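Trainee: Sequence:
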Amino acid sequence: MRSQARFYVSVISSVVTIAFTSPANAHVTYRDLDAPPDLVTATFGGAAMADPCAGKSSGCQSSNAFTRYGWRKGTEPTLGDSHQLTTNAEFWKFHLAATARVTITFVQGEDGVDPAFTVYSGLLPDQAHDDTAIDPLNPLDENTFCAAASPKDAHAAPYTYFLHDGYRDTLAYSTLGGLENCSPLNSYVGQFDAFASWSMANANGEWARITYVASVSATPFTGNDQGIHVDGTQSAVAGTGETLVLVLEAGDYVIAAGGEACTDSSGDCTLPRLYGTVSYSQQPLCTDLDDGDPCTQDRCNMDNGAITHAPLDDGAACGTGLVCSASACVAACTDGSTCAPAAPDACKIYATVCNATHTGGTCDPAADAPDGTSCGAGQICRSGACSQNASSGQKESGGCSAEGGAGTRSLMATILVVLASLAIRQRTRTVRRGVRSS
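Residue numbers are given in this note's numbering: position 34 of the sequence shown equals residue 34, and the series is strictly consecutive.
Treat the hints as calculated values from the structure; they're not laboratory data. All of these numbers come straight from a predicted model, not from anything done at the bench. Please note that a few of the clues may not be correct.
Just the calculated beta-carbon pair ranges, DEER-fashion [to be verified]:
| hint | residue 1 | residue 2 | range |
| --- | --- | --- | --- |
| 1 | LEU185 | ASP34 | 20 to 26 angstroms |
| 2 | ASP126 | ALA50 | 26 to 32 angstroms |
| 3 | VAL353 | THR308 | 56 to 62 angstroms |
| 4 | ASP34 | THR270 | 48 to 54 angstroms |
| 5 | PRO151 | LEU322 | 43 to 49 angstroms |
| 6 | PRO284 | THR222 | 33 to 39 angstroms |
| 7 | SER174 | SER266 | 24 to 30 angstroms |
| 8 | GLY361 | SER281 | 53 to 59 angstroms |
| 9 | ASN143 | GLU180 | 17 to 23 angstroms |
| 10 | GLY292 | THR222 | 44 to 50 angstroms |
| 11 | THR222 | ALA156 | 19 to 25 angstroms |
Every residue gets a Cβ at the ideal spot worked out from N, C-alpha and C, and that includes glycine.
Just need the whole structure built from these sequences, with the hints factored in.
Mentor: Here is the structure:
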């Protein structure tokens, strides 16, 4: 019944041959991949566009507001502005009810995007944005106006910061060139991190951190926050894109998708906004993983979904006060518990001695019974041994024992014989005297 899972990832960097408006929003808004698609039927410039999501019930959402540099900025030391992924700060989200193999694809519908994307676990609050009161981008000490530690993204000291490690060193700016007169030489541009975990809050004070899972891009990976990266194919041709195949556990997930064709926010990179489509599918894995047996290790092969139930070793816990023994869940042996052997010695106290796995034990003498404990008719325990109870024999006058009484009785019998003999002799004399007198 014990379960075991792991992340698995593969990538297909492919040329996908598929053919492809939304309201502006200043803060994070989600395109829900589990909901029916919100069709986008025109490019940012107003040209008609057939949305590839048309006719699909879910798993597909498009946007016409991708920038050519927004995702790429999140790979830089100063991080990226979440509003630059798309002009509407769009993120894609999906939910898994169980462990599943998930296929995610981002395809550009117009030339120039060079798609890349990152997958995170968790969700940012709706309408979250960079630089809020509870999660400031480059916080300052209100008294000295010097750089101050982030109230949300600082790592507990002592700690050495690295690029894309899931934290922002806003106290010393050690990954951005340091300080000059207590102010940073280089400041953070935004909070979006394409290669690590990051956080944001909204105006209502709702804050959340999303955890880096995987990314695919042609931009070299410089992350230091675990997770997975797959090298993608650099292509800015319409109809091409990137795909990740991941095995993910149940939960909520966020996709940050955007362009990596440009490295700056110059006019050539920012305009025009471009069309692209993010889609996903899920294949549940190991839905019957738990076999209900507490003495098996339930395992799922994340490559093919095969399930195995290996027996646990004897002695493995299978509940409170229970252990596995020969694949059965039994009461655990308790050292020192009282027990009774098949042929007990009345002059011994017995206790359980368990084996190494506590699946059984022996009932061994642990101490001598108290002296005086009855161990049979006329017998008591002395120093752990059964012996005759001296006080149980018949006593004659003088307090003699049974053996002494027998000797006394023999002596008395002799005396009685002697006395009887004397009495007979006396009667004989008396008879003789009477004869003479007559």
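Trainee: Compare the structure with each hint and give your call.
Mentor: Taking the hints in turn, this is what the structure says about them:
no., hint, in the structure
1, LEU185 - ASP34: 20 to 26 angstroms, "violated, 44 angstroms"
2, ASP126 - ALA50: 26 to 32 angstroms, "holds, 30 angstroms"
3, VAL353 - THR308: 56 to 62 angstroms, "violated, 36 angstroms"
4, ASP34 - THR270: 48 to 54 angstroms, "violated, 31 angstroms"
5, PRO151 - LEU322: 43 to 49 angstroms, "holds, 46 angstroms"
6, PRO284 - THR222: 33 to 39 angstroms, "holds, 34 angstroms"
7, SER174 - SER266: 24 to 30 angstroms, "holds, 29 angstroms"
8, GLY361 - SER281: 53 to 59 angstroms, "holds, 55 angstroms"
9, ASN143 - GLU180: 17 to 23 angstroms, "holds, 19 angstroms"
10, GLY292 - THR222: 44 to 50 angstroms, "holds, 46 angstroms"
11, THR222 - ALA156: 19 to 25 angstroms, "holds, 23 angstroms"
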